[in-house]
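2 protein chains.
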Amino acid sequence: MRNISPLQKERLNYQPKLAGVLKNGIKNISATLGEKTSAVKDADAIQQLFANIYGKELVTFSSTEASGEFDVKNVGVILSGGQAPGGHNVIAGLYDALKQANPKNELFGFLGGPSGIVDGNYVKFTDDFINEYRNTGGFDIIGSGRTKLETEEQFREVWNQCQNLNINAIVIIGGDDSNTNACMLAQWLDEKNTGIQVIGCPKTIDGDLKNDQIEISFGFDTATKTYAELVGNIQRDANSAKKYWHFIKLMGRSATHVALEVALQTQPNITLISEEVEERKMSLSSIVDYITDIVAKRGNNGKNFGIALIPEGLIEFIPEMKVMISELNDILALAEDDKDYTNIKSKEAKYALITTRMTDNSANVFNSLPEIIKEQLMMDRDPHGNVQVSKIETEKLLIEMVSERLAKLKEEGKYTGKFSAQSHFFGYEGRCAMPSNFDADYCYSLGYNAFALIQAGFTGYLSCIKNLTKPATEWVAMGVPLTMMMNMEKRHGKMKPVIQKALVEINGPVFKELENNREDWALNDRYIFPGAIQYFGPSEVCDITTQTLILEQRKAVKC
Amino acid sequence: MRNISPLQKERLNYQPKLAGVLKNGIKNISATLGEKTSAVKDADAIQQLFANIYGKELVTFSSTEASGEFDVKNVGVILSGGQAPGGHNVIAGLYDALKQANPKNELFGFLGGPSGIVDGNYVKFTDDFINEYRNTGGFDIIGSGRTKLETEEQFREVWNQCQNLNINAIVIIGGDDSNTNACMLAQWLDEKNTGIQVIGCPKTIDGDLKNDQIEISFGFDTATKTYAELVGNIQRDANSAKKYWHFIKLMGRSATHVALEVALQTQPNITLISEEVEERKMSLSSIVDYITDIVAKRGNNGKNFGIALIPEGLIEFIPEMKVMISELNDILALAEDDKDYTNIKSKEAKYALITTRMTDNSANVFNSLPEIIKEQLMMDRDPHGNVQVSKIETEKLLIEMVSERLAKLKEEGKYTGKFSAQSHFFGYEGRCAMPSNFDADYCYSLGYNAFALIQAGFTGYLSCIKNLTKPATEWVAMGVPLTMMMNMEKRHGKMKPVIQKALVEINGPVFKELENNREDWALNDRYIFPGAIQYFGPSEVCDITTQTLILEQRKAVKC
Numbered sequence: 153m154r155n156i157s158p159l160q161k162e163r164l165n166y167q168p169k170l171a172g173v174l175k176n177g178i179k180n181i182s183a184t185l186g187e188k189t190s191a192v193k194d195a196d197a198i199q200q201l202f203a204n205i206y207g208k209e210l211v212t213f214s215s216t217e218a219s220g221e222f223d224v225k226n227v228g229v230i231l232s233g234g235q236a237p238g239g240h241n242v243i244a245g246l247y248d249a250l251k252q253a254n255p256k257n258e259l260f261g262f263l264g265g266p267s268g269i270v271d272g273n274y275v276k277f278t279d280d281f282i283n284e285y286r287n288t289g290g291f292d293i294i295g296s297g298r299t300k301l302e303t304e305e306q307f308r309e310v311w312n313q314c315q316n317l318n319i320n321a322i323v324i325i326g327g328d329d330s331n332t333n334a335c336m337l338a339q340w341l342d343e344k345n346t347g348i349q350v351i352g353c354p355k356t357i358d359g360d361l362k363n364d365q366i367e368i369s370f371g372f373d374t375a376t377k378t379y380a381e382l383v384g385n386i387q388r389d390a391n392s393a394k395k396y397w398h399f400i401k402l403m404g405r406s407a408t409h410v411a412l413e414v415a416l417q418t419q420p421n422i423t424l425i426s427e428e429v430e431e432r433k434m435s436l437s438s439i440v441d442y443i444t445d446i447v448a449k450r451g452n453n454g455k456n457f458g459i460a461l462i463p464e465g466l467i468e469f470i471p472e473m474k475v476m477i478s479e480l481n482d483i484l485a486l487a488e489d490d491k492d493y494t495n496i497k498s499k500e501a502k503y504a505l506i507t508t509r510m511t512d513n514s515a516n517v518f519n520s521l522p523e524i525i526k527e528q529l530m531m532d533r534d535p536h537g538n539v540q541v542s543k544i545e546t547e548k549l550l551i552e553m554v555s556e557r558l559a560k561l562k563e564e565g566k567y568t569g570k571f572s573a574q575s576h577f578f579g580y581e582g583r584c585a586m587p588s589n590f591d592a593d594y595c596y597s598l599g600y601n602a603f604a605l606i607q608a609g610f611t612g613y614l615s616c617i618k619n620l621t622k623p624a625t626e627w628v629a630m631g632v633p634l635t636m637m638m639n640m641e642k643r644h645g646k647m648k649p650v651i652q653k654a655l656v657e658i659n660g661p662v663f664k665e666l667e668n669n670r671e672d673w674a675l676n677d678r679y680i681f682p683g684a685i686q687y688f689g690p691s692e693v694c695d696i697t698t699q700t701l702i703l704e705q706r707k708a709v710k711c
Numbered sequence: 153m154r155n156i157s158p159l160q161k162e163r164l165n166y167q168p169k170l171a172g173v174l175k176n177g178i179k180n181i182s183a184t185l186g187e188k189t190s191a192v193k194d195a196d197a198i199q200q201l202f203a204n205i206y207g208k209e210l211v212t213f214s215s216t217e218a219s220g221e222f223d224v225k226n227v228g229v230i231l232s233g234g235q236a237p238g239g240h241n242v243i244a245g246l247y248d249a250l251k252q253a254n255p256k257n258e259l260f261g262f263l264g265g266p267s268g269i270v271d272g273n274y275v276k277f278t279d280d281f282i283n284e285y286r287n288t289g290g291f292d293i294i295g296s297g298r299t300k301l302e303t304e305e306q307f308r309e310v311w312n313q314c315q316n317l318n319i320n321a322i323v324i325i326g327g328d329d330s331n332t333n334a335c336m337l338a339q340w341l342d343e344k345n346t347g348i349q350v351i352g353c354p355k356t357i358d359g360d361l362k363n364d365q366i367e368i369s370f371g372f373d374t375a376t377k378t379y380a381e382l383v384g385n386i387q388r389d390a391n392s393a394k395k396y397w398h399f400i401k402l403m404g405r406s407a408t409h410v411a412l413e414v415a416l417q418t419q420p421n422i423t424l425i426s427e428e429v430e431e432r433k434m435s436l437s438s439i440v441d442y443i444t445d446i447v448a449k450r451g452n453n454g455k456n457f458g459i460a461l462i463p464e465g466l467i468e469f470i471p472e473m474k475v476m477i478s479e480l481n482d483i484l485a486l487a488e489d490d491k492d493y494t495n496i497k498s499k500e501a502k503y504a505l506i507t508t509r510m511t512d513n514s515a516n517v518f519n520s521l522p523e524i525i526k527e528q529l530m531m532d533r534d535p536h537g538n539v540q541v542s543k544i545e546t547e548k549l550l551i552e553m554v555s556e557r558l559a560k561l562k563e564e565g566k567y568t569g570k571f572s573a574q575s576h577f578f579g580y581e582g583r584c585a586m587p588s589n590f591d592a593d594y595c596y597s598l599g600y601n602a603f604a605l606i607q608a609g610f611t612g613y614l615s616c617i618k619n620l621t622k623p624a625t626e627w628v629a630m631g632v633p634l635t636m637m638m639n640m641e642k643r644h645g646k647m648k649p650v651i652q653k654a655l656v657e658i659n660g661p662v663f664k665e666l667e668n669n670r671e672d673w674a675l676n677d678r679y680i681f682p683g684a685i686q687y688f689g690p691s692e693v694c695d696i697t698t699q700t701l702i703l704e705q706r707k708a709v710k711c
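Chains as they are written, first to last, in our numbering: chain W, 153 to 711; chain F, 153 to 711.
Bound conformation, chain W alone (with noise of 0.2 angstroms):
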């Protein structure tokens, strides 16, 4: 074996808890038919485009005497997008489980995500190459890649090659849209009568892929744990040295599940919600205003320090930048083949013509804005000519303006303090973290319970766990059509079937905690330090899941 850490090599032997009846074993349980499903919205719509595997059942498992050996069946097993903590705890529990059924049953991975099925690269897997991955982080066991399977000929390619290996189910762990794909490919398959099944398992960082059947989805918890260590790490600095303002900027740009969690859990000086801004239509200038006064306030008690976490998507979900933004892209576009434009040498002079040919609010915000982000906003362009928002940095925009602001409020002698910010950006550092204990049960019976919604026959299902913020032993393992979650939404110009993404709610339980503290903690000192995510030890330090899922199910138990 390859040389690991003693954590790793810990790790390896951890058998994480099955949810509910599923620890009986999979030859020991039974599929129970709940009520019929409909679509969350535009059902008349979503039933016309998946005719075939439309409104189907709910499914539970009950107990049941042990059957006999099962008949073989074949599973193929992808990983798509973004890496979360857990992935390979969801393979690890679908292997445990195919094999528990019947020991001819075999596993293939495709490599690199999507496009390993459509290209015929897999890997078969093994009791070795599988022991050496569970609960680890990361998706490296088999790869992921971004590739979307969308079109009829990518459809007949998944056939042919399920066909070649005697495939007879696949598993797409993904996201929002991997999912969405995943029911059209069971829809597909449906209809081509080819008795090939495909499950879809819940992942994203993110959290916005929930709803009323997914309470969360997996890597969220463990992800945001390592965030948070990181967050109470640096305000235990800041509360020490006393001399820095830490600007935080946390990865999720459509949706800022994240940063609130993490928020919850570390009691930071200000947070930031994308939603918020778009819904309260707040400008930059309101949002710099914000920042302003708080940091003056400290400053002028003698806290030259604080915390403030910045959602990675924050920019666009300011309204006037949005726009702003949305008008540079079509002068830009026009302006290459503009002589008056591509002759002028000088940036300020660029500036000073591009913004002639914006409204007036999108000129003045982008007057606005500091020197460093105008040059980002210009130069850093994608393929398609448009500005790559993502490279934008947020949290340094946001510190040079609120530099500036306080500068004049310290001419008009209303701040006293002094203002020295560091900015930071944490992303990278949580998806693949090792799986927390949740994390690790949670994906390891997701994977098992898509196995047994196989086995049972069903497709176009997604592998479904609730009640999780009771024990294990309490999770309720289910089966939820995939097109009970679809609505229709407009997607470069045409309305698409789609499984809707979760934003925060601002009226919602979690972001209603942050709201009612956020007073207090601006100006007072309520720094809760989380530290490392633990494995061993004491329940309420290693078992606990996240505050969001705790208080969106409290809300949900009230209703």
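A few of these clues could be false.
Chain copies aren't distinguished; within one or between two, either way the pair holds.
[As the list claims (entries may be wrong)] Result set (DSBU-like, lysine-lysine): computed pairs, CA atoms no more than 30 angstroms apart in a straight line: (1) K707 with K161; (2) K394 with K161; (3) K276 with K256; (4) K618 with K175; (5) K548 with K560; (6) K394 with K566; (7) K548 with K474; (8) K526 with K570; (9) K394 with K548; (10) K570 with K300; (11) K707 with K344; (12) K276 with K394; (13) K161 with K455; (14) K560 with K433; (15) K526 with K502; (16) K175 with K570; (17) K455 with K276; (18) K560 with K543; (19) K543 with K499; (20) K648 with K499; (21) K455 with K622; (22) K394 with K300; (23) K394 with K653; (24) K300 with K646.
Honestly, the hints are just simulated from the structure, not real lab data.
Assemble the complex: chain W is given as a structure, and chain F must be docked to it using the hints.
Chain F alone, transformed into the frame defined by chain W:
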């Protein structure tokens, strides 16, 4: 009690292990004098400067019959310089020993670092107060600061404060500079027959306060484990996504122990060691070549990903960069009053003028730098007009230069890969982490031992714990005269007595371990994933210390 995390709560109850005989209790040990000591170098000069405290004996402790109550001894404690995990435990150990010796003893904590004792800002420790901070990270218990105690005036003020508070001894917890100053203070207080004792404790995450007496400074263990956790997680991410190079800068300006230790714990593809760069007189260009070569070889093998560790202080160790920056400082200082320079508007023209005033070699170095770094060199200047080397983003500099060189190789048909890089800087994330069991035990022992030295009447000593790779029961608590570790060095043009800083020895066993393996690690993927620091569970997981210490001790035993 404040709202604290489950791990914080649990750690408050951890009882740190005491070194060897110390666990018998403060009343059951007595000091034994060993050999007389000298200075590590320049013994005559050191003896002259520290006549009263020079050349004293090494001190160890042995078990003895229990003594009765000791006379009252009040102690003041100071945290000095940057945070290091375990500082709170030094104070806890000191407090516990002091109260065990005589419940009437008082411990005073001076606030905000050494300035606290000069300004008379302090807090008196109580059980309730100290209990909230046991085994926690940070220096927030009393704060820290960078004021240097070195002037006659300050020493008088210290004496005043000690008289006001009836303090018999001062414990200074700090790095090499702070302990040098502790030595000066001890000498001064002894000369004046004040009867006030001074004891130092070796702190710094940088690991550069070590010598024949100090096996390792406290905090290094926890900080490097925290960085190794993050580097390991990012490695797993890189190895899963297979599309990014991660250039990770690690804190540590004056020595590279941190990056070296993290490298041994994680086995990345590239690790730069500043001391090697200096000793082997490597140019910036040769460093870029070294990295480019590995990136290209991996890329040509289809591996468009990898990890490079960059020490924070690298720039200052590259001989030609040091010369260029020094020339630039001189040129820019003069240029301020030079209208030929100040009238120039464009950056390019400024660069052109400035490089004509440099030596050819420096001009070449300057011209080879990416635009963003040139700007940083010209813009960010400290109050003395010097380049702020710490603000230079070395990780981005290297990414940019490697990227340019790869583009050339691609043109020449020698490189077929893709290079896409992410940069990271880890420092603040580790300085205030909750101390590992090792640091918790080590620090508690250091503090306890500091009081044992005070009780036995010593001054000008460093609290020292040896045999640290063995279980705590075999650790040896000692007192080492601070003068023993000193020599004369030039500082700001004057010869000064200082404690020698320990740089990475490129002939030492720790660097050799890297050197012997780095070719293999560069091209093959030997990543190790240490995971988060564990406080509970198997001893192999939660009690093992650093590779640096283990390798150095193994070598020491062999000699």
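Each hint tested on the structure:
no., hint, in the structure
1, K707 with K161, "between (40 angstroms within a copy, 27 angstroms between copies)"
2, K394 with K161, "between (40 angstroms within a copy, 24 angstroms between copies)"
3, K276 with K256, "within (12 angstroms within a copy, 71 angstroms between copies)"
4, K618 with K175, "within (15 angstroms within a copy, 50 angstroms between copies)"
5, K548 with K560, "within (19 angstroms within a copy, 32 angstroms between copies)"
6, K394 with K566, "within (21 angstroms within a copy, 51 angstroms between copies)"
7, K548 with K474, "both (19 angstroms within a copy, 29 angstroms between copies)"
8, K526 with K570, "both (26 angstroms within a copy, 28 angstroms between copies)"
9, K394 with K548, "both (20 angstroms within a copy, 28 angstroms between copies)"
10, K570 with K300, "between (50 angstroms within a copy, 22 angstroms between copies)"
11, K707 with K344, "neither (43 angstroms within a copy, 69 angstroms between copies)"
12, K276 with K394, "between (55 angstroms within a copy, 21 angstroms between copies)"
13, K161 with K455, "between (45 angstroms within a copy, 26 angstroms between copies)"
14, K560 with K433, "within (25 angstroms within a copy, 48 angstroms between copies)"
15, K526 with K502, "both (11 angstroms within a copy, 23 angstroms between copies)"
16, K175 with K570, "neither (59 angstroms within a copy, 46 angstroms between copies)"
17, K455 with K276, "between (59 angstroms within a copy, 23 angstroms between copies)"
18, K560 with K543, "both (29 angstroms within a copy, 25 angstroms between copies)"
19, K543 with K499, "both (20 angstroms within a copy, 25 angstroms between copies)"
20, K648 with K499, "neither (41 angstroms within a copy, 51 angstroms between copies)"
21, K455 with K622, "neither (41 angstroms within a copy, 43 angstroms between copies)"
22, K394 with K300, "between (48 angstroms within a copy, 18 angstroms between copies)"
23, K394 with K653, "between (40 angstroms within a copy, 27 angstroms between copies)"
24, K300 with K646, "within (17 angstroms within a copy, 67 angstroms between copies)"
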